[in-house]
Amino acid sequence: MSDLWAGLSQIGVLLLCLAAAYKPLGDYLARVFTSERHWKLESGIYRVIRVDPDSGQRWTTYAAGVLGFSFVSIVLLYLLQRLQAILPLNFGRGAVDPATAFNTAVSFVTNTNWQSYTPEEAMGHVVQMVGLTVQNFVSAGMGICVAIALVRGFVRANTGRIGNVWVDLTRICVRVLLPISFVFAILLVAGGVVMSLSSGFTSTGIDGMQHTTALAPAASQEVIKELGTNGGGIFNGNSAHPFENPQGWTNLIEIFLILVIPVSLTRTFGVLVGSRKQGYTLLSVMGALWGLMLAVIWWAESHPNGPAALLAGGAMEGKESRFGIAGSALFAGSTTGTSTGAVNAAHDSLTGLGGGGALLNMLFAELTPGGVGTGLYSILVIAIIAVFLAGLMVGRTPEYLGKKLGRREVTCSAIAILAMPALVLLGSGIALLLPGIRATMTNSGAHGLSEVLYAYGSASNNNGSAFAGLTVTNDWFEATLGVAMLFGRFVPILAVLRLAGALAAQRKTPPSAGTLPTQGPMFASLVGGTVVLVAALTFVPALALGPIAEALA
Amino acid sequence: MTITKTPEPEVEPVQANEKPVARAFGPAQIAKAVPDAVGRLGPRHQLRNPVLFVVWIGSVLVTVFAIGQLITGSGQPGFSIAVALWLWFTVFFANVAEAVAEGRGKAQAESLRRTKKDTVAHKLAEDGSVTEISGTDLDIGDHVVVEAGQAIPGDGDVIEGIATVDESAITGESAPVIRESGGDRSSVTGGTTVLSDRIVVRITTKPGESFVDKMIGLVEGASRQKTPNEVALTILLSVLTIIFLLAVLALQPMAAYSGSQQSVVTLTALLVCLIPTTIGALLSAIGIAGMDRLVRRNVLAMSGRAVEAAGDVDTLLLDKTGTITFGNRQATELIAFGDEQALAEAARLSSLADETPEGRSIVDLCVQRYGLAAEAGEAEQDGEFVPFTARTRMSGIDLGARQVRKGATAAVCAWVTEHGGTVPDMTQACVDTISAQGGTPLLCAELVHGRAVVRGVIRLSDVVKPGMRERFAELRAMGIRTVMITGDNPLTAKAIAEEAGVDDFLAEATPEDKLALISQEQEGGRLVAMTGDGTNDAPALAKADVGVAMNTGTAAAKEAGNMVDLDSDPTKLIEIVRIGKQLLITRGALTTFSVANDLAKYFAILPAMFAGIYPQLGKLNIMHLASPTSAILSAVVFNALIIIGLIPLALRGVSYRAVSATKLLRRNLLVYGLGGVITPFVCIWLIDLVIGRLIGA
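If you read the protein sequences in the order shown, they are chains L and C. Counting from 1, one number per residue, gives the positions in the first sequence under the working numbering. Counting from 1, one number per residue, gives the positions in the second sequence under the working numbering.
A couple of the hints might just be wrong.
Said to hold, decoys possible - Mimicking DSSO-like on lysine-lysine, the simulated pairs with C-alpha atoms at most 30 Å apart in a straight line are:
| hint | chain 1 | residue 1 | chain 2 | residue 2 |
| --- | --- | --- | --- | --- |
| 1 | C | K214 | C | K32 |
| 2 | L | K508 | C | K543 |
| 3 | L | K277 | C | K214 |
| 4 | C | K663 | L | K508 |
| 5 | C | K226 | L | K508 |
What the hints assert, rightly or not - Example chain C residues on the side facing chain L (calculated, C-beta under 8 Å, incomplete):
| hint | residue |
| --- | --- |
| 6 | S74 |
| 7 | G75 |
| 8 | P648 |
| 9 | Y656 |
What the hints assert, rightly or not - Ranges between beta-carbon positions, derived for each pair:
| hint | chain 1 | residue 1 | chain 2 | residue 2 | range |
| --- | --- | --- | --- | --- | --- |
| 10 | L | V174 | C | Q225 | 47 to 55 Å |
| 11 | L | P435 | C | G42 | 37 to 45 Å |
| 12 | L | T471 | C | Q616 | 41 to 49 Å |
The hints are simulated quantities; they were obtained by calculation from the structure and are not laboratory data. Nothing here was measured: the structure is a model prediction, and the numbers come from that model. We put the beta carbon where it would ideally sit given N, CA and C, even for glycine.
Go ahead and model the full structure; you've got the sequences and the hints to work with.
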C-alpha cells in the first residue's frame, strides 16, 4: 500500500471514530454539566472541601477558584520536585533545580507540558504519578470548566452566576476524564505501552556495551497526556518512544484521544445553547483549518528538497519508520492544533514549510480544534469578534446567541485574543535582542528564528511541543517561557470568565430576520476568515523572516 | 386614545424626499474645511482618536528623523521627507473628513441662530397688565402675549386663544400651522412667528435651553458623544493598533538578527499602513454624517444613542389613524335601498357644499363610480346649504322644494318620519352591519314631492394608505415586527390590520395598554420604537427605546421622546430605522475594508524590506513594484489617498436595501471585504507606476 493510501485510510478511520464518539460524548458532557444529581463520591469530596455544590458563583468567585487552585497547584508541584531527594521511588534522582522546577510546575498546571528536562533522568515515579499526572487531569479539567462557564454565559439570562468551579472540576474529573483514561490505559497496555514501577533494566547491546533502558508507569499517564491535550511525555522521546507509542494502531488511538474531547465539546456547546447547528458550524471551522494544516504538513514532508530525502521518498529525518510520513504528519497536525504538544516525530526536523505549518497551527490561537475547553472558548471569542464586525455590516448592534456585543464583551474578547500574540512577539523580540541568548542558539538564519518563534508560540499557546534545536535550559528561557505559559493561560481565562459574567447578566434577545445568522457555511467562513486574518496580520512579518523565508528558499 | 393627525392627508412617497442640498462633497467643501483641518493638526485633538494619535506620533518621528538626515547628509533624506509628508497628509485628510462632516451642520446652525435674534416679550402679569421685557429675561411659568406679526419669545404652551403660526424657521415648511390652547396642538416654539390672531403662551423652558438651542447644539455636533457601538468599535480598533504596534516593534530585533536592520522611516511606514487608519480617520465623520442625514429629513435626534437604537429596533408601534390609514374616514360604498343612481345623486347633492374631508370623499366617490359632475351646476348653486350641527347631526342642501339630507341614522330617521316618510325595515340591519365592521354609516334621505324617502346608506370607512403593505413587508424582511395601535374594537382592528398587512394589533388601546405592551416587548429582549404627540403618550414615549415625538405635539411629548420629527409625519419612523441601520453598516463596512487592505500592504512592504537579505522573498512582490523605496512610498500614499477617496461614502452612508441579514452580509462582505482585498493591489500598483517614473526620472 502506498504511503498516500496508508495515510488516507488512517485519516478515514480516525474521522470515523471521531464521528462515532461525537454525539454520545458531546451529549454526555452536556449532561455532566447540567445534571442536578451528585454522585456519592462527589458529595464526599464536597463535604471534605466544604463546598455547597448547589450554590452558583459569580464570575469573580469562579475566577478566584481557578486562579487559587492553579496557584496552590504550582506551589505544591514546585515543592514536590524540590523535595524529590526524600521521596520514594526516586532512583537516586535528586532535587530538580529551581529554574527547571518552576518552569515545569507552571508548565503542567497551565496544561502546557513544555518539558525543559529529560524525564528519565530528572523525575522519579512519585513526582510523575502524584505531581505531573494529577495536574494532567485537573489542568485539563480546568480548561473545560472555563469553556462551560462561557457557554453558560450565553445560555443564562439576567443572572450573574456562571456555575460552581468546584462542582464543574470534580464532575469533569470523576465522570469523564478518569473513566475514559482507565479504559484506554488498559487498551494501550495491550498494545505494548509499558506500565512499570521499576526504574529500568540493563542489557548488552550489539556493541557489547551495557545499556540501561528506563521503564516507567507510562500507560496510566499516556492516556490523560493525550485525552487532556497535555502532551508531557514520561519518556524524553514522548510519543516517538516505543514504550509510549509502540505501533501504528496505538498511534491512531493517541491521535483519536487528542482530538476527541475538543471535537465533541462543540456538540456539548450546541446542545447547551439549544441549537446543534451552532456547534456544527464551529466544528466545521475547526475541522477545515485542521484539514488544511494537515494537508500542508503532509504535502511538505512528502515533497522535501535535498538528495537524501528524495532518495527516501520523503523527509524521513526525525520520523519513526513505524508511523511513516502520513502517521507523523497526522500526529504533528493534531498535536499542534490542540495545544497538546506531544510529538511522535522531531518537529525541528520538519521541512521549512512543514515546520511553518505546525507553527502556524499553534499561532491560529489553538482552535483547530484546540485544547480541551481552551479550543472552544478560543473559537468563541474569535466568533464574537467576527460577529461584531459582521453584525455592524447588517445594521444592528451585533448579537451572538441572543446576547448583545457591546463595549465590555468586545473588550474581554479582544484581551483574550491579544494576550497570545503579544507574548509571542515580545518574547521572541526581546530574546533576539539579548546577545547572550543569540549566542546559545545552535541554528542561525531563518531556521534559528523559527526555533525561537516556535518556543514562544508553543509556550504562550500552552502547547508544549518544541523545536528541540533550541537550548532552553538556561535561566532566561526557563523564566520567560514560564511567564509566557502563565500569562498565555490565565489572561485569556480571566477575560473569558469576565465575558461569561457579562453575558450571563444580560437579558436574551430573540432572533429575527434582521439578526445575523450564526450558523451555516457563510458564518463558518466568516469565523475561519477571522482566525486566519488575525493570525496572518499579526505574524506575517515575523513569519516572513523565519518559516516563509525557509519555505521559499 | 390619541389620534395622531397628519397635517396633510396626501401620502408621502416611500422615500421621503431629502431637501435639496449642495453637493455633499466637492472642491468647495474641501476648501472650506482646509483651515479647520489644519487647525486640528495639534496633538491635543488627535489624542481623542487612538489610531490617528499613533499616526501623528509616527509623523513627528519621521519628520525629526528626516531633518536629522538632511543635517548630517546621511541616508536617503528625499525618501524620508516624502514619507513624512504623506504621513502628515494622512492626519490632515482625517481632519478634513471630520471638518467637512461638521461643516454641513454648521451652515444649518447658522441659519437657526438667526431665528434667535433678541425678541421682545410682552409679559402678562396676573392683573392683566402687559409689560415689555427682553426675551432673554423670561422665566419658566411666565405668561406672554403674542399677537399677529410678532415672534414667539420662547418655547411654551398656548393657554389662551388660537392663532396661525409660521414655523418655517425651524421646519422649513412654509405653510402656516394652527396652534390653539388645550389639546395636542398647544405647543409653540420660540423663534416662530404668529401670523394671525392673538395667543397667550406659558413659557416652559429657560432661555438658552430652548428647542432651538438644543437644535443648534445637535447640528453643530457640539454635544456629540460617542455612541455605544462606536465605543466598542474604537476599542476593537485600539486593540488592532496595539497588535500591529507589537508586530512592528518585535520585527526590528528579528530583522537585526536576520542581518537587515530597518530604518525608523520604513518601520513607521509599515506601522501606519497596517493600523486601521481608514476607518480611524472616518469614524467620527460617519457618526456626524448619520446625525446630519436625520436632520436633513427634519428629524432631530436628542442623542446619537437613539439613532443607533433605531437600527436595532425589533418592534414598531404605529398608530392606526394618520399613520396606517388616512387621518379621516372616507366614503367607500353606497348601499341603495332602491335606485342606486338616485342614491348617488342624493349623496352628491347633500355633500356638494360640505367642505369636510368626509363630505369631499362622498362627492369624489359619486364622481368616480357614478359619473356625476364634481362641480355644482348652475341650478345647484342657488341651493341653500344646511350645515352640520351637533344638535341636528345632519347636513344637506335645500333646492327649493327638494331637500336632501345625510347624517346620523337616528337623526335622519326622525327627519324622514317627520316629513311623512317611512324608514325601510332593512335600514337598521344595514347600519348595524357597517358599524360592526368598523365603518361609519350615514343615512341619506330626500324630500321629493312633499314626502321623505330613504335613498340608502353611505359607508364611511378607514382607508389604508397606498403602499403600506409593501412597507410592512419590507420591515418584516428587515426583521422588524409592526404592531398597529388603535382605539377601534377588535373586529375592526383585525380587518384593518389584515388589509394593511401589519403583524399584530392592539385594539381598544388606552395609554396604559400601550405602556404595558412596550414593557412586555422589552422584557422579551426586544427594542421598541413608537411615535406620539399627545401628553398621554409621554410615558410610552419615554419608555420606548426610540420615541419619536411629533413637532405638532405637546411639550410633554417632545420632552419625553428622544427624537422630534419637525414634519410631524409618523411614517417617518421607518425612515429613521433605515438611517440607524445605514450608520452601523457604514461603520462595519469601512472597518472591514480597512482591515482587508492590509494584505496588499504586506505584499508591497515586506518584500521591499527583506528581499535584500532573503532574495526568495522577492517572490512575494507580486505587484512587481519598481523598487523598495517606491513600494513603501506607494503603500503610504495609497493609505492616505484612500481616506479622501472614501469621504463621500462616509458622508453619504453605504446604500441600504431592506433584505434579510444573510443577503445583506453576503453583499457587504463581497463589496467591502473582497473589494478591500483587491482595491489596494490595483491602486498601489498604479501609484507605483507613477512614483517609479518620478524616482527613475
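Structure-based check of each hint:
1. The hinted pair formed by K214 (chain C) and K32 (chain C) meets the criterion: a straight-line CA distance of about 25 Å does not exceed 30 Å.
2. For a cut-off of 30 Å, the pair hint linking K508 (chain L) to K543 (chain C) stands: about 19 Å separates their Cα positions.
3. Under the criterion of a C-alpha separation no larger than 30 Å, the hint pairing K277 (chain L) with K214 (chain C) is inconsistent with the structure, at around 49 Å.
4. A distance of roughly 24 Å separates the Cα atoms of K663 (chain C) and K508 (chain L); the hinted pair therefore holds under the 30 Å criterion.
5. Note on K226 (chain C) and K508 (chain L): the hinted pairing holds, with a Cα-Cα distance of about 25 Å set against a maximum of 30 Å.
6. Given the 8 Å rule on beta carbons, the hint for S74 (chain C) is violated: about 24 Å separates it from the nearest Cβ of chain L.
7. For the restraint placing G75 (chain C) at the interface with chain L, the shortest Cβ-Cβ distance is roughly 22 Å, beyond the 8 Å limit, so the hint is violated.
8. Because the smallest distance between the Cβ of P648 (chain C) and any Cβ of chain L comes to about 19 Å, over 8 Å, the interface hint for this residue is violated.
9. Against a cut-off of 8 Å between C-beta atoms, the interface hint on Y656 (chain C) holds, since the closest Cβ of chain L lies about 7 Å away.
10. Distance hint check for V174 (chain L) and Q225 (chain C): the Cβ-Cβ separation is about 52 Å, which falls inside the suggested range of 47 to 55 Å.
11. Evaluation of the 37 to 45 Å hint for P435 (chain L) and G42 (chain C) yields a pass: the beta carbon distance comes to about 41 Å.
12. Between T471 (chain L) and Q616 (chain C), the C-beta spacing of about 28 Å breaks the proposed range 41 to 49 Å.
In summary, the structure is inconsistent with hints 3, 6, 7, 8, 12 from the numbered list given earlier, while agreeing with the others.
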